[in-house]
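Just so we're aligned: 241 in our numbering is position 241 of the sequence shown, and the numbers increase by one with no gaps anywhere.
Simulated from the structure, these hints should not be mistaken for laboratory data. Everything numeric in this text was worked out from a predicted model, so none of it was measured. Glycine included, each C-beta is placed from N, C-alpha and C at the ideal position. Among these hints, one or two may not hold up.
[Stated by the list, open to error] List of simulated lysine-lysine pairs, DSSO-like, C-alpha gap at most 27 Å:
1) K85 to K121
2) K96 to K49
3) K281 to K311
4) K301 to K121
[Unchecked claim] Here are the in silico distance ranges between beta carbons for each label pair:
5) Q227 to Y302: 21 to 29 Å
6) G314 to T240: 39 to 47 Å
7) P16 to Q227: 41 to 49 Å
8) N97 to D218: 19 to 27 Å
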Amino acid sequence: MAIPRIGLFVYPNINPFHFSVPHIIFNTKIQDKPLFELKIFSLDGQAVKTESAMTITPDGGIELISDLDIVIIPGWDDFNHVPDKMLMEGLNQAYKNGSRIVGLCYGTYALAYAGLLDYKKAATHWIAEQDFSERFPQIQLDRDALYVDEQRIVTSAGTGAALDCCLYLVREIYNVHIANKVSRIMVIPPHREGGQAQFIEQPIAKSSQDAQINLLLDFLRQNLARQHTIESLAQHAHMTRRTFTRHFKKATGMTFVDWLNSERIRLSCELLETTNWSIEKIAELAGFNNAVSLRKNFRDKYNTSPQAWRKAFGDTSHIDLDPKSKHG
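Using the sequences provided together with the hints, build the complete structure.
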């Protein structure tokens, strides 16, 4: 089966990071085999200068868009910049032909101006929330999602979330195993829990309560095998239960119970992939009461068993490089 063809659109003053994220992800090779055929295109096929005075030389112009499985708009230079008519027409025609259309970070604006997101859900950087909603009230903006896939149109939140979105596309086109291999090459998590809420606040805590929550998260990650309650942790952080739950949700974008369960599942996956320990021992180390509880949580989370996960990801000697069908 032919490998998927991806088009990466470049425009004057493009942010180099916005360009480099999909360029690196979709240029990754597994066992020396490319996963995608990546083409860079500009409006007229001419080289463009980035906002940092770098120059990107494309493979061609807007005519390449008609032969792509996925079209990516990596960021956008100005909220007020309405895309050229040729680009908007090309995006709409590509979508009608069955292509996936992707807007990373502010790239959502280009898709919105083109009318592709009308009456659909979408994501963009949290800084642009108010502006985007005022400009495009017909679009349902998900203010917390790291990325949204709505009827073959995929949009992502801020720059870092573009990594999550691109890995999601690898996972959708190939499988979890391939996406995990790419994430390990990139040294990034294969999947992040929670939404934008955990990143909206400044990384330096603005209050003593926020600082205590950050310290508490480190404590919990190092003590997942222990049993924890909201009451005991609130006391540990010198907060009331109500204050604790509010600040925890603000810091992580998740409830305490959901966050703790997610971390325990994450540790379980790591141990399944990297050790030959029994399911019972892994359940104990991850903080589940018993193997039955681990299996149930694993089934709820991934619709599979710990044994199946270990079989799939514990041995990487065989990797299926066949992509799914275009509409799969």
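Hint check results:
| no. | hint | in the structure |
| --- | --- | --- |
| 1 | K85 to K121 | 23 Å, holds |
| 2 | K96 to K49 | 31 Å, violated |
| 3 | K281 to K311 | 17 Å, holds |
| 4 | K301 to K121 | 24 Å, holds |
| 5 | Q227 to Y302: 21 to 29 Å | 24 Å, holds |
| 6 | G314 to T240: 39 to 47 Å | 44 Å, holds |
| 7 | P16 to Q227: 41 to 49 Å | 47 Å, holds |
| 8 | N97 to D218: 19 to 27 Å | 49 Å, violated |
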